[in-house]
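For reference, the chains in residue letters:
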Amino acid sequence: MTSYLLRRLGAALITLILGSVVVFLGVHALPGDAALALAGEERSPAVLAQIRQEYGLDKPLPVQYLRYVGQALQGDFGQSTRNGSSVAAVIAERLPVTFELAVLAVLLGIAIGIPAGIASALRRGSGLDYAANGFALVGLSVPHFWLGLLLILEFAVQLHVLPASGYASPLSDPVENLRRMLLPAIVLGTGLSAVLMRQMRSSMLESLSADYVRTARAKGLPQWRVVGVHALRNSLVTVVTVLGLQLGALISGAVITEQIFVIPGFGKLLVDAVFQRDYPVIQGVTLVTVTGYVVVNLFVDLTYSLLNPRIRLSGRST
Amino acid sequence: MSALLEVDGLGVTFTTEDGPVHAVNDVSLTIQRAQILAVVGESGCGKSVTAMSIPGLLPENAQVSGSIRLEGVELTRLGAGELRRLRGKQVSVVFQEPMTSLNPAFSVGYQIVEVLRQHERLGRRTAARRAVELLELVGIPAPSRRLREYPHQLSGGMRQRVMIAIAVACSPKLLIADEPTTALDVTIQAGILDVMRTLRAELGTAIMLITHDLGVVADIADRVVVMYAGRRVEQAGVDELFAQPQHPYTLGLLGAVPRLSVTSGARGRLTEIPGMVPSLHEDPDECSFAPRCPRAAADCRAHRPALRAVRDEHLAACFHPGPVRP
Amino acid sequence: MSGPAPADAQVPAPLLEPPRRRHRLVRRFVRRRLAVLGLVLVGAFVTLALFSPLLGSATAQDFANVMVPPSWAHPLGTDDLGRSELARTATGARVSLLAGVLSTALALAMAIPIGLVAGYYRGWADAVVTRATDVMLAFPFLILAVGLAAILGASLRNVVLALGLSQLPGLVRVIRGEVLALREQDYVAAAVADGARDVSIMARFILPNAMSTLIVQATVAIPGAIIGEATLSFLGLGVQPPTPSWGTMLSAAQGFLDQAPWLAVFPGLAIALTTLGFNLLGDGLRDVLDPRSTR
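Residue numbers (my numbering), protein chains in the order written: chain A, 1305 to 1622; chain B, -12 to 313; chain C, 7 to 301.
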């Protein structure tokens, strides 16, 4: 168990380091001169040279990288070239908004996807199975931003029951916060519930046809034990993994959902930064995203190994 | 006293995407208390399907016809709940795949205790104590330590012993063993067969042994049913069958058994039965074995031979029976 | 010991009488009505894309007919510049299908050799490839695509490049896994024992047997790329006006939700139906080509 954990931890660390190199090089590959952006109106060669020296932009890339990572580790992601504010502070302000959106979407996705997947696996070929599969296929095929537009069209423009856009802090006005978060959470949760439903259905079908489930039936266990204990336990393992992998799709979805509903979150921060060529912000946001992704997947691996005695006891991966 | 199990005119048809498959046709057999009946045949001959129809463990696309009576109770007419209470309690199954038949997510102890608590309503402690006794019965050393282990920590032979312990936990009247030793090494096979002999002797369990291994049959069975393409082709006591095999298919199977002693067989060569097991989609009126049979004649292709007594207590479905090796 | 086993147990599927197998696969596919529906949907949009010029100009402006609701004269209505929504949606199909198919083809063209080498030779090449895909997969698809689009600049060609590169790590991982599994098959071991060259083993045994997986993966990747193109264009990082793309059309429609709601409906419906078509097709192909999976 410990050796397995250490190995996973090491792999995650390497991914993180390489990921940060990719982010750094990627931002460097962006068109435009960072010094030019920092200089603003005053673009005399002397000023530019001074800025380059001040920000270490005249140093070789590896030196710049180490300097950047060193500062990032201390929580300093530099300043926005747009308004000079601390990138770390902006991220800290925007992150909870996206976090709330993601949590609501995941809850929605689990609440719909898992029971629907189990039910349609148990009633394979029934009307319920077709309905659930149809819903999942549509959920996978409808892009986030169109679903968002349709929901705004229906609930905000036609029915006037929910606001079309905007954000309210859950601390100052929790009810208004939920009213404004409802449609975005539905938009973001629909695709997730579709993916979870299909994964749950297929791993449940696999478990149900497994030899150990046949054994459970042969033991004369009641249906709820065969399904709810023997099949479900093994199916959940794969579903947890998929949920971790879906984090990427969730972040992608959050970027576009926040854009449509004008929610001042992490994703909108990134898109705005791309258009404003605010490189320190792009760099910071991407780095935090990658870190979050790696950490969450490390967590998923932990959960996976807890659910799977083979790894828990021997430290071998499957 | 009537037989423990009476199967009469059993038929099983699977509905598949490529049309119906007649896996089992008109199979009848009886098993007495504490008797070991072997059902023999190649893969796909319907022996497992026959066995699984008894505790109602066939997949949903199977249609069963005919009658299955356990101590006079008609099993094919039982409701799902009644059938479930019978499984693991009166009729138990040991499967072929010891590596995958135990749930990897639960400890050995949990999986034994589970069946005891289900059928015997035992308390947690009593059930755990009983589980230790069962592991001892099936010959697992250090049983109380093994209880806490997970399936992946056990060897194939040990897992199969655990499967047997689970199957006999509630002292079933009938144990169905579906190729229990096929996946195991020869030395481990012998141990498993010993366990089954012990069960029969100590618990009076009747055993329906599904196998394609005639060595195992000779070792342990009392009576033998030979199946081919979903039908019985021969049926006799074990000594009678080995001494006087009548159906050319049985002869073929016997010829395909590797012999250890050079004296008994000509050169100890393994003869194969030429050809393939027929598809079970269509069911023409001819002997299913005819295409592979050295004795096949015009009559074999014109009609299906009925099962008839060719000797005392010895049935065969063949127009040209006889113990002469082809 | 028990006589000959059924012959199809160990032989890889493509080696088993191709014409009969193909016939059986076609029959199985046709029986799946949803898969056929998917094929019809995809075919319909391909036809729409091919013949879009017949439906009128996508860029001709008509200020006498601005934001006209759907009618006989304007079947899908007109937009804020009086352009025909029908012609624009049809032309948008070209952009979407082109971006979806080309980027997937590009990704496959890169992923197949990489996956083959990594899965077949293992060793350090595999270690490098696995590490690299792990790192790239830590970047969410859209973040990667947005980043690449920002680096490359907004145009259809660059969208194809960005989406192709974004799909690469996932496809490499799938192909590598498949090759790794096929490498262990008995018939490959037999070919190795026969002294066949690596390239010929890959071409004759591994690639043909990985084909089902590749076809299914491609069918599943295309709708993802189509949504990706629409998303990038919606954000303004993709195809630039006046070239109509379903994403840019929806982006423009956002401003007229209360005056011209139909502008927000048709391009989105087109995206949804195209991706639905590919998804149905992919599910059907998966069922038919890969009977092991239960999905």
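Hints listed in this document are in silico derivations from the structure and should not be mistaken for laboratory results. Some hints here could point you the wrong way.
What the hints assert, rightly or not - Which chain B residues face chain A? A few, computed with CB under 8 Å, are given here:
1. S(-11)
2. S79
3. L89
4. I153
5. G242
Backbone N, C-alpha and C fix where the C-beta goes; we use that ideal spot for every residue, glycine too.
Structure-based check of all given hints:
1. S(-11): B/S(-11) check fails; min Cβ-Cβ to chain A is 24 Å, beyond 8 Å.
2. S79: With a minimum Cβ separation of about 7 Å from chain A (threshold 8 Å), the hint on B/S79 holds.
3. L89: holds (6 Å)
4. I153: holds (6 Å)
5. G242: Check failed: Cβ of B/G242 comes no nearer than 33 Å to chain A, outside 8 Å.
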